[in-house]
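Model the full structure from these sequences, guided by the hints.
Protein chains in written order, with my numbering: chain A, 2 to 192; chain S, 2 to 192.
If you're looking for bench data, these hints aren't it; they were derived computationally from the structure. Keep in mind that the hints are not guaranteed to be accurate.
Repeated chains share a single entry, so a pair holds when one copy, or any two copies, can fit it.
[To be verified] Straight-line distance between alpha carbons at most 25 angstroms, and here's what the computed SDA-like set of lysine to any residue pairs gives: (1) Lys-42 to Asp-105; (2) Lys-42 to Leu-150; (3) Lys-180 to Pro-126; (4) Lys-180 to Asn-3; (5) Lys-171 to Asn-3; (6) Lys-171 to Gly-97.
Protein chains: 2
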Amino acid sequence: MNEGFLLVLSAPSGCGKTTILRQVMADLSGLSFSVSHTTRKPRLGEENGRDYHFVSPEQFIALRDQQPAGFLEWAEVHGNFYGTSRQEVAQRLRAGADVILDIDVQGAAQVRNNAEPVTVFIAPPSLEELERRLRGRGTESEENLQRRLANAAQEMEAAPAYTYLIVNDKLEEAVLALKSVIIAERCRRRR
Amino acid sequence: MNEGFLLVLSAPSGCGKTTILRQVMADLSGLSFSVSHTTRKPRLGEENGRDYHFVSPEQFIALRDQQPAGFLEWAEVHGNFYGTSRQEVAQRLRAGADVILDIDVQGAAQVRNNAEPVTVFIAPPSLEELERRLRGRGTESEENLQRRLANAAQEMEAAPAYTYLIVNDKLEEAVLALKSVIIAERCRRRR
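Put into structure tokens, the structure is as follows:
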């Protein structure tokens, strides 16, 4: 059994990342998501160890401050902590799974400091096209839409730090590209 | 138009490289072979510039001894010189083509010294399986077969130096793997 590899996937919102990822997961086996740790309370129907590892702030901070860091990346959102456990990811990799982390550009930068991930950035063909798609949904307030576009412009500045850049012009080509990255990385010789 | 990349492909004989490559070329566009230089005489039907660039030994040696080297790799076989022109490859890459060099492990080592190729080694599942396949063809003398196997064993020692290793266990999976490497490398960010 070969060890798996760690795949970090980032994209500005509206770039089709979720759709692409769903199709890739349906077509390829051997992929795995890690279960995050969080300090927020479980919601109805959420199960500890399946949806999240629900921990206390003290437990979270103890893990975070280990050396080496217990989290490959972590963030505070609306007063709650969220993190990706180094140990859990390592276990999945050792079991031969390729682990996908679906995280933003700040999280990706942290993972790069703590591990050697393969990183993929999914970009829109242009900011104009992204705006056209977001308006096409018709579900966003003008304020939200402007905020998303400003965030997207900022996140795209991080794209050069990624291993692969997939431009989601045509959905099926973007799906093929992400599948190809995964199949190719499985053939790639590692140190 | 993005610049293409240089793909070096090596495999011991009997590993199915030619079959894999033919299927990949049929399925993907944008791939190109470079035309080699040689000092041997044209055979009937061979055309200068299409099958080979036919040159004199003096022309070949002048190119070979340029700084930087005029050939990405060269070899002498049965008293004739063969080489892959750096300039011709560079022109194809600039035109946006991905250039495939189908060469042995010695040639691949030379190209690595002269350029930054993506390198793919196609291996049999095992030497035993390679022997079974070669015997299955029924076209080889025992002496030839033993020579091929000894060469294969030696060439496989060079596999760790390659970027990608594709084990040709099932032909269709090996074809998918090589196609995936090419599609993925087209998304890969280069320095």
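Hint by hint, work out which the structure violates, then give me just those numbers in ascending order. 2
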